[in-house]
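Visitor: Given chain A, put chain B in place with the hints provided.
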Amino acid sequence: DAKTTQPNSMESNEEEPVHLPCNHSTISGTDYIHWYRQLPSQGPEYVIHGLTSNVNNRMASLAIAEDRKSSTLILHRATLRDAAVYYCILINGGTSYGKLTFGQGTILTVHP
Amino acid sequence: DSGVTQTPKHLITATGQRVTLRCSPRSGDLSVYWYQQSLDQGLQFLIQYYNGEERAKGNILERFSAQQFPDLHSELNLSSLELGDSALYFCASSVLGTGVGDEQFFGPGTRLTVL
Chain A
35 DAKTTQPNSM ESNEEEPVHL PCNHSTISGT DYIHWYRQLP SQGPEYVIHG
85 LTSNVNNRMA SLAIAEDRKS STLILHRATL RDAAVYYCIL INGGTSYGKL
135 TFGQGTILTV HP
Chain B
18 DSGVTQTPKH LITATGQRVT LRCSPRSGDL SVYWYQQSLD QGLQFLIQYY
68 NGEERAKGNI LERFSAQQFP DLHSELNLSS LELGDSALYF CASSVLGTGV
118 GDEQFFGPGT RLTVL
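Residue numbers (this note's numbering), protein chains in the order written: chain A, 35 to 146; chain B, 18 to 132.
Bound-form chain A, shown alone (with noise of 0.2 Å):
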C-alpha cells in the first residue's frame, strides 16, 4: 500500500478552520484516499473520502490536489468535539479489499 505523511500535531481555535494536510506522493490511478479521526477513548469513525474530486460532506470537505499527491482535510469551524487524531489512508480497492492501514495520524488540540 501507498504511504502517507501526515504532521504529528496541529493546533486550531474555536469556530475557526482547520486544514490537515496529508502527503502522498506514490499515489497510484486506482487509490482512494479516505480519512478517518479517533476521539478520545473511541474507536476512529469515518470522516470523508475521495478520489480525484473535491468531496463535501456534512462533516468536512476534502481537497484533492490536482497531481493526487496530496490532499486536504478541511474543518470549516472546529469544535471542541472535533479534537481528535485524524488519519489520512489510501485504499486500493483492487488489493486492499477493506484493510485499513493506520499511520501515525495527527494529534488535533482544539482551543476554546
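No lab work stands behind these hints, which were simulated from the structure alone.
Treat the hints with caution; some may be incorrect.
Here are the computed lysine-lysine pairs in the DSS-like style, where the Cα-Cα straight-line distance is at most 30 Å [to be verified]:
{"hint": "1", "chain 1": "B", "residue 1": "Lys74", "chain 2": "A", "residue 2": "Lys37"}
{"hint": "2", "chain 1": "B", "residue 1": "Lys26", "chain 2": "B", "residue 2": "Lys74"}
{"hint": "3", "chain 1": "A", "residue 1": "Lys103", "chain 2": "B", "residue 2": "Lys74"}
{"hint": "4", "chain 1": "A", "residue 1": "Lys103", "chain 2": "A", "residue 2": "Lys37"}
Here the structure is a predicted model, which is why all the values come from computation and not from measurement.
Guide: What follows is chain B alone, placed relative to chain A:
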C-alpha cells in the same frame, strides 16, 4: 453509537491464558474487521471476514484466530497470552468489505490487560 457492539469492555487475565472477544456488526453489514491498538504499534489491521469467509489477513499472530458465524457475529480468540498482547481490540463492520467507498463502523473496543 456506531451500531457495532463488542463484549466484554474490559478483560484482565494472566499470561498463558486464552480469551475470546466478541463482536456484533451493524445490522445488514456483511464484513467484519479486527484491529489491535497498542501504544508502541499503533492501530494495526488483524483480519477481515466477509459473509463467513476470511477475506484478508494482516499482522495477526498464529496464536490468534478468528471466525465469523452464520448470524454474522465474529469472535477473536487469543491464546497463550503474553504481556505484549495487552491492547485495545477494535471490531469494525461494513456493508460490502470492498474498502473503496465502503465506510467502516468501529465498535467501542475491548481493553485487554495481560498480567
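Visitor: Run every hint past the structure and note whether it holds.
Guide: Status of each hint after checking the structure:
1. B/Lys74 / A/Lys37: holds, 19 Å
2. B/Lys26 / B/Lys74: Within the cut-off at roughly 24 Å; holds.
3. A/Lys103 / B/Lys74: Judged against 30 Å, a Cα distance of about 28 Å means the pair holds.
4. A/Lys103 / A/Lys37: holds, 11 Å
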